[in-house]
Amino acid sequence: MSDLSRNTEFTDAELLEMIVAGGQKYQQASEILFHKFQGFIPKVQDKLHLSQTHIQDAYSDALVKLIRQIKLKKFRGESKLSTYFFSIFNNTAVDVSRKNSSNKNIVTQELNDYNLRERDLLQILEAKSEAKNLMSKMAQLGTTCQKILMDWGYYGYSMEEIAKRAKLANEGSARSMKFKCLKKLKSLLDVEA
Amino acid sequence: MNKDLEYYKNKFDDYLDGHLNPEQLEELKTELNARPNLSAELERHVQARAAIRAFGEHDQKDKFNSMFDDIGPSENPPNQPKTKSALIWALLGVAVLAALFLFYNNSKSTSTNINKPLIAYLEDPSANLTRQNAKVSNGDWLAGLEAYNNQSYSQALEYFEKVRTDEAFATDNTGQLNLYSGVCNLRLENHDKAIEAFKTVPTNNPMFDEVQWYLALTYLQKGENKNATLVLQAIVDQSSHFKKGEAKELLLRIKE
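Going line by line, the protein sequences match chains A and B.
Okay, so the first sequence: first residue is 8 according to this note's numbering, each after it adds one.
Okay, so the second sequence: first residue is 5 according to this note's numbering, each after it adds one.
Keep in mind the hints are simulated off the structure, nothing from the lab.
One thing to keep in mind: the hints can contain errors.
[What the hints assert, rightly or not] Straight-line C-alpha distance at most 30 angstroms; calculated BS3-like pairs for lysine-lysine: (1) A:Lys78 to B:Lys33; (2) A:Lys80 to B:Lys259; (3) B:Lys248 to A:Lys87; (4) A:Lys54 to B:Lys15; (5) B:Lys13 to A:Lys78; (6) A:Lys193 to B:Lys67; (7) A:Lys193 to B:Lys248.
[Claimed, not checked] Pairwise CB distance ranges, derived in the manner of DEER restraints: (8) A:Leu79 to B:Lys166: 42 to 50 angstroms; (9) B:Glu162 to A:Lys171: 54 to 62 angstroms; (10) A:Glu21 to B:Asp74: 22 to 30 angstroms; (11) B:Asp18 to A:Ser183: 39 to 47 angstroms; (12) A:Lys187 to B:Asp18: 14 to 22 angstroms.
Cβ coordinates follow ideal geometry from the N, Cα and C atoms, glycine included.
My request is simple: use the sequences and hints to build the entire structure.
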């Protein structure tokens, strides 16, 4: 864990910028967020009497949701980031408490509102079963392709950074690999269709 | 015009991320309408992006979960001994309160019949000193919390009043400060002061859900069942309030 991740002196606005920027800045911000809100864990755990495993699962899930909201620009700093996060964390933990964790990971698969533009255009991401199906196609790719596509499409690394992370010769090689992996993923999605 | 398919396919990401300028956007939209195969390609691209993002979220969650393993036991916030000790204190507190309430009921004929079952619902929100932000340097605040944990409510209130003189601290901690002040006053049966403290907490404060619950209990203890009903109903109307079940029970008791 980097020392930076334990630095809680970043302002909310700086953290939002880092998340949206992607790449290394995103990684740093995600580590900072992980440490920043841990004081909420005992409060929610005491309140809902959740086990350590369940409260940690809820906390991780809530952070993923928070990051999603920031990337979607649904959270723009109208309230304090901590207040906003607490609300997500509390609701997530209540869900876990109610369902006794039988819904592990379901929340991270709620794709229906990930990208409003995408939804408005095609309306294909409504059902959770659709999300599961999409995930299974990614799982069928090799690890290298999975990493390259995630680095590009989720973590927001530049092609230059992706090349370094995947130990590829240069930016051009990374671009070419990304293209091939994306094509392979699309062909897997076609099989189901 | 009439550029090849690859040219437009390369614009998909900018299109979906809203990075095209108005002219480029118009051009792509026109082509999407005119070329069904381009439209189908866009659909495939959206699906692929969605799959990557779903997988990325899953990966990110795994990373967060594994980060808990890197935290040493001493840094791990919740632990069993504290819970056990809190439970003992809570049980003792409930026992003492039960005795007080029985005495109170016997001596006051005007008490509502809601007072007796209320005991079962009344337990202090825990204030764990170790979970306080490391940056907290307000000695009165820490002393107040310690007194609160020892159920020395009058003493705790004295400290909390001193804390209010530090305006910046009081503003940053308005939720906790007014929650614990309110509960102290509730315990001391200073109902109006308790209500005043609870009502200070804004609705977007992380403590607001707890404040709502104790506000309802204060109204009940004061015998203001109408106000209590309003607050309890507000709790019940929230899909994820941590006291939704108990609020429902109390509403039924009030109606009996």
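Structure-based check of each hint:
1. With a CA separation close to 25 angstroms, the supplied pair A:Lys78 and B:Lys33 stays within the 30 angstroms bound.
2. Between A:Lys80 and B:Lys259, the direct Cα distance comes to roughly 45 angstroms. Violation of the 30 angstroms bound is thereby established for this hinted pair.
3. Pair hint B:Lys248 plus A:Lys87 holds up; C-alpha atoms about 26 angstroms apart against a cutoff of 30 angstroms.
4. Of the supplied pair hints, the one linking A:Lys54 and B:Lys15 is violated, its CA atoms being roughly 49 angstroms apart against a limit of 30 angstroms.
5. Note on B:Lys13 and A:Lys78: the hinted pairing holds, with a Cα-Cα distance of about 23 angstroms set against a maximum of 30 angstroms.
6. Between the alpha carbons of A:Lys193 and B:Lys67 the distance comes to roughly 26 angstroms, so the proposed pair stays at or under 30 angstroms and holds.
7. With a C-alpha separation of about 46 angstroms, the suggested pair A:Lys193 and B:Lys248 falls outside the 30 angstroms cut-off, and the hint is violated.
8. A C-beta distance of roughly 44 angstroms is found between A:Leu79 and B:Lys166, which places it inside the suggested range of 42 to 50 angstroms.
9. Restraint check, B:Glu162 to A:Lys171: a C-beta distance of roughly 60 angstroms satisfies the suggested window 54 to 62 angstroms.
10. Taken as a hint, the range 22 to 30 angstroms holds for the pair A:Glu21 and B:Asp74, whose Cβ atoms sit roughly 24 angstroms apart.
11. The supplied range of 39 to 47 angstroms is broken by B:Asp18 and A:Ser183, whose beta-carbon atoms lie about 20 angstroms from each other.
12. For A:Lys187 and B:Asp18, the Cβ-Cβ distance of about 21 angstroms falls inside the hinted range of 14 to 22 angstroms, so the restraint holds.
Hint check: violations occur at hints 2, 4, 7, 11; the rest are consistent with the structure.
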